[in-house]
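Visitor: Starting from the given sequences, assemble the full structure and let the hints guide the process.
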Amino acid sequence: MSGGRPRDETIDQELQATALALFAEGGLAAVSFDQVAKRAGVSRTALYRRWATREALVTSALLGYRARAESGLEDWASRPLGEILEIFVDQTAAAFSDPFARNLLRQLFALSDQEAEIKHLYWSTIVEPRRKAFSLIIRQAQQNHEIDQSLDPELMQDLLSGAISYRLLAYPGDDHAMDAKAYVTAVLRAAGFPIQLR
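Per the UniProt record's numbering, the sequence shown runs over residues 1 to 198.
A hint or two may mislead.
To be verified - Estimated spans, in silico, between C-beta atoms of each pair:
#1 A182 to A110: 45 to 51 Å
#2 Q91 to S135: 15 to 21 Å
#3 Y166 to S43: 38 to 44 Å
#4 Q143 to S112: 38 to 44 Å
#5 A56 to A133: 47 to 53 Å
#6 S150 to A110: 17 to 23 Å
#7 R189 to E115: 32 to 38 Å
#8 R50 to R131: 25 to 31 Å
#9 S135 to E14: 34 to 40 Å
#10 L111 to Y171: 19 to 25 Å
#11 S71 to D113: 30 to 36 Å
#12 R50 to S71: 18 to 24 Å
#13 D179 to D148: 25 to 31 Å
Bear in mind the hints are in silico, worked out from the structure with no lab data behind them.
Nothing here was measured: the structure is a model prediction, and the numbers come from that model.
For each residue, glycine too, the CB sits at the ideal point set by N, CA and C.
Guide: In structure tokens:
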């Protein structure tokens, strides 16, 4: 690290995992460089060499978490619409049964206006790029007459994310009566996406 040595990616991943665990447990207030360093067994200097703020650390950890969840699917935006929707169903349904994923979402939604930095970083680095890519996919599908041309791509995504987020946040995690894939598929159809119920 010092003296021109490359950063140890293993340490980076360990620090990100530690920060993300703290964030899932208690939100941004639970994430301090002292706590991360103590739990990970490293010095605070090792953290400051990598991230200037805890917000940057948590955002980096969220990006890493997303990348691992989508390993092998990095080219999702270039795939046919039907395949993209199937990937979305599988990924989202998996989140319903993952307590850690649910806790992460709860903490993200609980961020206050005083925690605007991480909200901005999360939006600009994770949410916004995906929404823009998905809007382009929807518009292309509209040109191909796969999706109703009168529908607004942004509103379609709002309806989709709103319904999914509400279900993840408001319903108990042990709601075994729900067929997650069927629910996500039904929401996609209600929002205007051409996907058949499984």
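Visitor: Going through the earlier hints one by one, which of them does the structure break, listed in rising order?
Guide: 1, 5, 6
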